[in-house]
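J.: Please build the complete structure, drawing on both the sequences and the hints.
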Amino acid sequence: MSKLLVHGGRVVDPALGVDEVADVLLIDGRVAAIGRNLEPAGAEVIDASGLVVSPGFVDIHCHLRDPGQEYKETIATGTEAAARGGFTTVCCMPNTEPAIDTRATVEYVLRTAATTGRVRVLPIGCISRGREGHELAELVDLAEAGCIAFSDDGSPIADGALLRHAMEFASISGLTVIDHCEDAAISDGGVMHEGWVSTRLGLRGQSAAAEETAVARDIAVAAEASLPLHLAHISTRASVDLVRTAKQRGLPITAEVTPHHLTLTHEAVAFGANNARNGSTLLYDTNTKVNPPLRSADDVAACVEGLQEGVIDAIATDHAPHADYEKACEFDEAAFGISGLETALGLCMSLVHSGALELPVLLERLTAGPVRALGLERSVPG
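In my numbering, the protein residues as written are 58 to 439.
By construction, these hints were calculated from the structure, which means they are not laboratory data. Remember, predicted model here, so these are calculated numbers, not experimental data. Accuracy of the hints is not assured; some may be wrong.
What the hints assert, rightly or not - Computed spacing ranges between beta-carbons, pair by pair:
no.: 1; residue 1: E127; residue 2: E415; range: 37 to 47 Å
no.: 2; residue 1: D245; residue 2: A218; range: 16 to 26 Å
no.: 3; residue 1: E362; residue 2: G113; range: 25 to 35 Å
no.: 4; residue 1: V78; residue 2: A277; range: 46 to 56 Å
no.: 5; residue 1: D245; residue 2: D355; range: 18 to 28 Å
no.: 6; residue 1: G217; residue 2: D298; range: 17 to 27 Å
no.: 7; residue 1: A89; residue 2: A241; range: 49 to 59 Å
Glycine is no exception: its CB is placed at the ideal position from the N, C-alpha and C atoms.
T.: Structural data, given as structure tokens:
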């Protein structure tokens, strides 16, 4: 039996309502006690004076690329990044090759995670076969195989009836549907946020309405069905307002936001993450090409406010790594996505340091919030 005592840190555990200087005793890797002046015999001691001690983070939206795209990432490398970023549980999206739409693929992910993973991996199954949006996957079978939620990830569900049927079948297993809110007819191939920066760069913009109309539709479907729905990576003020109103109505809607949508604006595409305007140089920084796109400063402020207020339930990384050559190209041709597992905490702590976000709130949205949003209490030990 191994014992580890983390001594004298500021222990913040939102699920337990703890925020105090205390000791944490772990026995065989599990928390056994939290209290002052713990003195277990034979324990290894880590002095955490001046540090914050938190439960492991839970990421409910990441891309591990395995199976089929191991040149981008593997379960081994992705979970290593997760561990370095403080995440002890990650939920992987089904946009793999093949997609996670069969029991066999679910079992492959779980088996590979058990043998090569550094943290707990929970697979998210497809809503539709092949993520094509036409025919429901075998949701009950996927749930029995180990999926903890359902999503077609970056392929939004255009058919509202299919979305409702997915929610109904997911509810049989007590699981939640996650939707990427985008009306593809409105986004119309846009590669960044539609605004003055896209105009200056000569890039096709993606209207905020592409997200907002989908959010409104999804909330209406969830209201009619009286079933839970989780909205992935919302990014605009209007989306936050729609979720706020839905929650005030008592609807079972939850939502997440990414660290990059909390800290970067569309100006980063032209001027970089530090917004360094060096003369007339325009960067066309493909590292900032994400979907939904980086938005305006007002949208960023609304997302931070929504997170602080509890309108937004969780911070999710949308970790989406790519090979170098998929980003080292013209902006129009570059892949959407950004790596986020190792940078999430640092980005979000900048909001704490600026006073925009309280530390206990941040940690709640990285721990208990994600668990509650997807009902993962049985899958993620307390």
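J.: Can the suggested window of 16 to 26 Å be confirmed for the beta-carbon pair D245 and A218?
T.: Given about 23 Å between the Cβ atoms, the range holds.
J.: For E127 and E415, compare the CB-CB distance with the range 37 to 47 Å and indicate the outcome.
T.: 40 Å Cβ-Cβ, so the 37 to 47 Å window holds.
J.: Are A89 and A241 spaced within 49 to 59 Å by their CB atoms?
T.: At roughly 50 Å between Cβ atoms, A241 and A89 fall inside 49 to 59 Å, so the hint holds.
J.: Determine whether the Cβ-Cβ distance between E362 and G113 falls within the hinted range of 25 to 35 Å.
T.: 27 Å, holds
J.: With 18 to 28 Å as the target window, see if D245 and D355 comply at their CB atoms.
T.: Hint holds: Cβ distance 23 Å, inside 18 to 28 Å.
J.: Should the hint that V78 and A277 are 46 to 56 Å apart at their CB atoms be regarded as holding?
T.: Check passed, 47 Å falls within 46 to 56 Å.
J.: So does G217 sit 17 to 27 Å from D298, Cβ to Cβ?
T.: 21 Å, holds
Comparing the model with each earlier hint shows no violations; every hint is respected.
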